[in-house]
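Chemist: With the hints as a guide, bring the two chains together.
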Amino acid sequence: MLKLNKLHKIFDYGKINENYVLKNINLHVPKGDFVTIIGSNGAGKSTLLNLVAGTFFPEMGTVEIDGQDVTGWPVHKRAPLVGRVFQDPLLGTATEMTIEENLSLAIKRGQPRRLRLGLNKKNRAEFRHLLALLDLGLEDRLDCAVKLLSGGQRQALTLLMATMGNPEILLLDEYTAALDPKTALQIIEITQRIVTEEDLTVLMVTHDLKQALAMGNRTIMMDQGEIILDLKGKERAHITVADLLAKFAERSGRELSDDRILLHG
Amino acid sequence: MWLNILQGTIEQGLVFSLLAMGVYLTFRILDFSDLTVEGSFPLGASVAAVLIINGMNPFLATFFAFIAGALAGMITGLINTKLKIAGLLAGILTMTSLYSINLRIMGRSNIPLLRETTILTAIENWGLSERFVALVVFAVIVLLVKLMLDYFLYTEIGMSVRAAGDSPLMIESLGVNTDRIKIFGLAMANGLVALSGALTCQYQGFADVGMGIGMIVIGLASVIIGEVVIRTSKIRFATLGVIVGSIIYRLAIALALQLGFAATDLKIVTAVLVILALGAPSLRSFMIQDEFAARLMERGASDAQAK
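Residue numbers (my numbering), protein chains in the order written: chain A, 1 to 265; chain B, 1001 to 1307.
Next up, chain B with everything else stripped away, as it sits in the complex (with noise of 0.2 angstroms):
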């Protein structure tokens, strides 16, 4: 039973790798918040899961599924550089329109994919064990993505995307064009959310038009774990440390849930967990004048006693 259970939470923990290792390319590497997320999770799962009821190969599919997020994100950086409208409000709007878009897709509000071939069930037909196909399956995909992000980071281009989230003014006067790359990025970040999302409804059997949400704060809390656990400035160790939080993530989530919290308050669980670890620094600083001025006022009664 216990088993069980850790097997399924560490399972939706590589799923969700996938999407929060998306949110680390846009907020952490692009220096972007970007809240596409919220839609292309969705849209991943609308499109995979309309092509695999329609009879396409299941991993053509997925495919076609990070196409679809890689030009939501497309769509954000464009109204972004090109328009000139802030990042955040770029997302929501894409976001928003991704709604629609995505009940446009489905053509109702679910999905379910009982008897379809997916991914899963598709390689358990090549002889995996019914038991382990998931866990198998999506450690295998969640490495092949966090080498192939690893070593772009460290190509060329990915040292440029790198360097337009860290230093715009220095990467453009280098001769790159920052809205290209800020494109690029967002893209490349979509995508991989879509992969997130079409993953997750061929593994929990469905896909729905609500799935999207609060899955940003999903992925920035797995973030921000990671970077508890695993402190680095290196890229590999970064990406590891994205994916052991993501998992973390799950587990805490688990035990909230074994502990008696209702499923219905997980997400301001997470939220409220969110806004003290990026608070924390905030927060010290209060402490601290908190002690300081504290520390004056006695000072000060000890110099009224000494008159």
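Just chain A, with the same shape it has in the complex (with noise of 0.2 angstroms):
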């Protein structure tokens, strides 16, 4: 489904505060995979992201979804390939706007958008009905601006909007960090859900380390723009989040640091 062949990124590349941030990324994810991502500070994890959503091209090497070379492709090109939510709840939505008008710039991924009214009466009803399976209420607020929603509901709205019109890929990026606990665990409810249902591939970037483990198939560890650490299958099954740290500390040569990690969650 993902393959990342030789990814070099470099910013500022020939400047005084050149930074090379990602060193050769060599990663191949199957159909299905859901893939979280730890890592430390500036390790590159949401650079990675970056570059398989199309925010960046990188200086070297090729991004392939779906069998297809999308390297030099724009975040709109590869939009009906790739879904995306922020970690920040205001960034995944149109504020000023409805939930159901949202929805209607949703449903249309990678779709030519014309001249005739976004909303109507057919797509409403569906847009209930994908609402209430979020079970917040959303269903019975479709006209309300979505600046009036919590961050929790807001990034339920964002995660749903990501999913629709069938992407391949699901980027996550730390996409329950502003959350509280308790809000943050019903959206990965939520997120569980619909990667099932749409059979989707993810990639999930996360400082929780407890939460890379007990989510998906598959995690990576990242240090200086390479990844450290692959983890899947057996080996995985029975990692505990000190064998985690043991392990970075060993390939790294260093302890994991960084000012947001959460151990234990």
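There could be a bad hint or two in this list.
Calculated Cβ distances over 12 angstroms to all of chain A for the following chain B residues [unchecked claim]:
1) THR1096
2) ILE1101
3) LEU1143
4) VAL1161
5) ALA1187
6) TYR1203
7) LEU1240
8) SER1282
9) ASP1290
10) PHE1292
11) ALA1293
Pairs of lysine-lysine, DSSO-like flavour, derived with a Cα cap of 27 angstroms [to be verified]:
12) LYS1146/B <-> LYS121/A
13) LYS247/A <-> LYS23/A
14) LYS15/A <-> LYS1146/B
For the record, the hints were derived by calculation from the structure and aren't laboratory data. What you are looking at is a predicted structure, and each value in this text was computed from that prediction instead of being measured. From the three backbone atoms N, C-alpha and C, an ideal C-beta is built for every residue, glycine too.
Modeler: So, in structure tokens, the structure goes:
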């Protein structure tokens, strides 16, 4: 599904503050894999997601999604293939617009937009159905402006929008970090359900090591722009957070440092 | 006498509400501070005036003025999105170029339209009384434009334009080319501004190369007054607010003139109005801070006394 070949990303190349963020990243993610990504500050986790989304382009290497080389494609061209939820709940929705208007934008993912009304009876009924599945009571607030929703409700809406219109890959960038623990749990449950139903391939960056092991079927650890550990299958099944920290120290020669890291969740 | 002034004021308010709708589209919907307006307003006037004095049908001439304005908006959009020059500067660059272009189009700095067939005189010839022709024609045009704008902003493309101003990252990740949307929005907005300019020159009887000065502030003032009068998050009420705001602005100006303000001082009056309206939230927080500081001082003094 997703193939990253020999990716290199350098910010401000040739300038005094040149920053080598990703070094020779090779990653092959088969369809249906749910990969959690952990690592220290500045390890390149978010940059990796940005390269998959098309926000940045690599200095070298290729990005392949669903058999197509998408390396030079900008974000909007990759939209039919990639859905994304940002850490900041404000970024994923148009806050001045209503819930139904936001959903009507999402349902046309990657399709040409026309000069006809974006909302009609048929898609409203569909939106109500989809919102009811979230179990947050949003199905009765279709014409409510998104700015009136709580952070959790917004993130749930963003998640729904990111998975509408059949993308192949879902990118989650610390998307529960800004939420309280109870809401975060709710969002995670919704994520698990949608991902299973839609058979999505997922890359999730998290700073919660317990969550990284509890969710998905594969965990990769990054440090200073490189993947230093790739855990899956039996090897991953019985591993603990303590093992993970030990492995990090062993591979990188340093303690895992991230001011926001959660060791016990 | 008073009734005449009132009628004239409303007519002006209606004509300028088209400009204000353009400004609303860029400032509020696209979140783009577009100064192209100051050039596209006289551009609309010059194109319409030159075509009319060369014998073109005034309706067609006005339509071409709209197209010219839309092209100017596109240029600003291209400079901003393709060359990555800041929006404010992109608008200023287009505006500055338009000054030369407008002079080229007109061939001189002022074109009178006396005895020419304008939209207004043409419709008068259909049998509408001279007394009301401007009021009726402008009201009909403004209403049509408002309804079309309302409808457009609820279409799939229109909603993408709104989302591009509100949350560009989101709409991009849903497959919309935000550059293209921005260019499109700027074209539409400046088309409306040029339409306003074309009608203004036919209404006042001349086109002048300097008639764009201060237009952006007038448009902004109208938008802001409209927002104060009609508080809403619904598009159709917001566009109604822009029209009402534009008329109220003209009434305020007429009142200021009656009160003895010199016509040349009106621009600073308008600018101060806009500063106060846009700065109101900050001014309020300064006042709250002062109040808080005063209360702390008071408490300090009473604490000292207690000791």
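Chemist: Next step is simple, just say for each hint if it's right about the structure.
Modeler: Here is what the structure says about each hint:
1. Distance check on THR1096/B: its Cβ is at least 31 angstroms (rounded) from any Cβ of chain A, clearing the 12 angstroms threshold; non-interface status holds.
2. At roughly 30 angstroms, the least C-beta separation between ILE1101/B and chain A is larger than 12 angstroms, which holds for a residue marked as non-interface.
3. Listed as a non-interface residue, LEU1143/B keeps its Cβ farther than 12 angstroms from every Cβ of chain A; the least gap is roughly 20 angstroms.
4. Its beta-carbon lying about 10 angstroms from the closest one in chain A, VAL1161/B breaks the requirement of being farther than 12 angstroms from that chain.
5. Residue placement check: ALA1187/B keeps its beta carbon more than 12 angstroms from all beta carbons of chain A (closest about 15 angstroms).
6. The non-interface label for TYR1203/B is consistent with chain A: the shortest C-beta to C-beta separation is roughly 31 angstroms, beyond 12 angstroms.
7. With a least CB separation of 17 angstroms from chain A, LEU1240/B remains clear of the 12 angstroms interface cut-off, as annotated.
8. For SER1282/B, the requirement that its beta carbon stay farther than 12 angstroms from each beta carbon of chain A is met, with the minimum near 21 angstroms.
9. Here ASP1290/B stays apart from chain A, with its beta-carbon at least about 30 angstroms from theirs, past the 12 angstroms limit.
10. Chain A leaves PHE1292/B outside its interface by the beta-carbon criterion, the shortest separation being 28 angstroms against a cut-off of 12 angstroms.
11. Consistency note on ALA1293/B: stated as away from chain A, and its beta-carbon is indeed over 12 angstroms from all of that chain's, at 32 angstroms minimum.
12. Taking the CA atoms of LYS1146/B and LYS121/A, the gap is near 25 angstroms; set against the 27 angstroms cutoff, the hint holds.
13. Of the supplied pair hints, the one linking LYS247/A and LYS23/A holds, its CA atoms being roughly 20 angstroms apart against a limit of 27 angstroms.
14. With a C-alpha separation of about 51 angstroms, the suggested pair LYS15/A and LYS1146/B falls outside the 27 angstroms cut-off, and the hint is violated.
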